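Use these hints to put chain V onto chain X, whose structure you have.
Number of protein chains: 2
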Amino acid sequence: MPRWESDAQGRLERAALELFETQGFERTSVAQIARTAGLTERSFYRYFPDKREVLFADNELEAHLVAQVEAADPTLSPIEALLTALGTADEVFHPRDFLLRRIKVIAANPALAERDLIKLADIADALARALERRGVEPGKARFIIDVAIAISRRATSRWLAEPDTALSELVAQAAAELCETVTPPAPTVR
Amino acid sequence: MPRWESDAQGRLERAALELFETQGFERTSVAQIARTAGLTERSFYRYFPDKREVLFADNELEAHLVAQVEAADPTLSPIEALLTALGTADEVFHPRDFLLRRIKVIAANPALAERDLIKLADIADALARALERRGVEPGKARFIIDVAIAISRRATSRWLAEPDTALSELVAQAAAELCETVTPPAPTVR
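So the protein sequences, as listed, match chains X and V.
In terms of my numbering, the first sequence opens at residue 120 and continues consecutively.
In terms of my numbering, the second sequence opens at residue 120 and continues consecutively.
If we strip away everything but chain X, and leave its shape as in the complex, we get (with noise of 0.2 Å):
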């Protein structure tokens, strides 16, 4: 990905990722992310408005499953519409072996696992949003996000496990799995 590779947000949040990886978030400062990436402060806070936030720029994920929901077929149901977006997140996501250290440094850190839960509920209103553009009920909405995040969130930790199989394909796989997980094995006739 040469783009990404090259620009200076991609700069500081590699070089904040690896700081954040080999000292911890708490005892990195925002002028040795912006030394490391070699820029400096000021460069820093053209992108970011505080360390915190330097993990969390993409909303270009956010704007892409929006758009992606807005485009759908309108033979759709809300749900398949929704799933179809979320199995192109791979379009938008950072190179898989970015995503997985940053999972871990995040979860070392109880500001930056604050920041990650604050970011996947803002997506959450943004596409329940969407959905209600497209008619669906306010409450109906909400919980088909709700549920379509479910089914992403598991088939996005399987895609990070299982480089080989295609986001959309462990989406639908997630989708099935869950009818499975929800209805009770039929009982036995004897």
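Treat the hints as calculated values from the structure; they're not laboratory data.
These figures come from a predicted structure and were not determined experimentally.
Please note: incorrect hints may appear among the correct ones.
Which copy is meant is left open, because identical chains are indistinguishable; a pair holds if it fits in one copy or across any two.
Unchecked claim - Using 20 Å as the maximum straight-line C-alpha spacing, the simulated DMTMM-like pairs for lysine to aspartate or glutamate come out as follows:
| # | residue 1 | residue 2 |
| --- | --- | --- |
| 1 | K259 | D244 |
| 2 | K223 | E145 |
| 3 | K238 | D265 |
| 4 | K223 | E281 |
| 5 | K259 | E281 |
| 6 | K259 | E288 |
| 7 | K223 | D244 |
| 8 | K223 | D235 |
| 9 | K223 | E172 |
| 10 | K259 | D241 |
| 11 | K238 | E181 |
| 12 | K259 | E189 |
| 13 | K223 | E137 |
| 14 | K238 | E179 |
| 15 | K223 | E140 |
| 16 | K238 | D209 |
Frame of chain X, contents of chain V only:
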């Protein structure tokens, strides 16, 4: 807990909720909350570390749900154990009127909304560990929890609006709705 102690906590919670409603979370001080409840600031800090925590004191809910999952019949599937537990949450809920007012206050204040997300994530983590103790593989446990939370949120928001239906009944309805939502309608045979 002696009755007077839990009553003091309840008085502080009700006083805080009322002050947050009438003058906003930001403009309310711990001193005011304590005074309105007829208690000292020192008493306040016996129950809560700070004013953001006043509306999130119900560790009772997490403990109740975990205990229910642990006590569930071993022949129940993981999702059945979880949904049965979630269907009993009303046993430890605050009165409905308090919950409805609390939801509005939380939605109106980003600091409280963040705290709410973290609280829910903590409950989810505790329930995932409870499922793992029942022998469920961690990735699967997380998936089942996410799905059960989607169902529970749908059921609880209906329960708040429809006082006459039991929460356990609404949980069962939402679980049934889930499968219909995910499974596309069978194609019409021509």
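Structure-based check of all given hints:
| no. | hint | verdict |
| --- | --- | --- |
| 1 | K259 / D244 | within (13 Å within a copy, 25 Å between copies) |
| 2 | K223 / E145 | within (15 Å within a copy, 34 Å between copies) |
| 3 | K238 / D265 | both (14 Å within a copy, 17 Å between copies) |
| 4 | K223 / E281 | within (17 Å within a copy, 42 Å between copies) |
| 5 | K259 / E281 | between (33 Å within a copy, 16 Å between copies) |
| 6 | K259 / E288 | between (25 Å within a copy, 18 Å between copies) |
| 7 | K223 / D244 | between (25 Å within a copy, 16 Å between copies) |
| 8 | K223 / D235 | within (12 Å within a copy, 23 Å between copies) |
| 9 | K223 / E172 | within (16 Å within a copy, 28 Å between copies) |
| 10 | K259 / D241 | within (18 Å within a copy, 25 Å between copies) |
| 11 | K238 / E181 | within (9 Å within a copy, 24 Å between copies) |
| 12 | K259 / E189 | within (17 Å within a copy, 31 Å between copies) |
| 13 | K223 / E137 | within (12 Å within a copy, 41 Å between copies) |
| 14 | K238 / E179 | within (12 Å within a copy, 27 Å between copies) |
| 15 | K223 / E140 | within (8 Å within a copy, 39 Å between copies) |
| 16 | K238 / D209 | within (17 Å within a copy, 29 Å between copies) |
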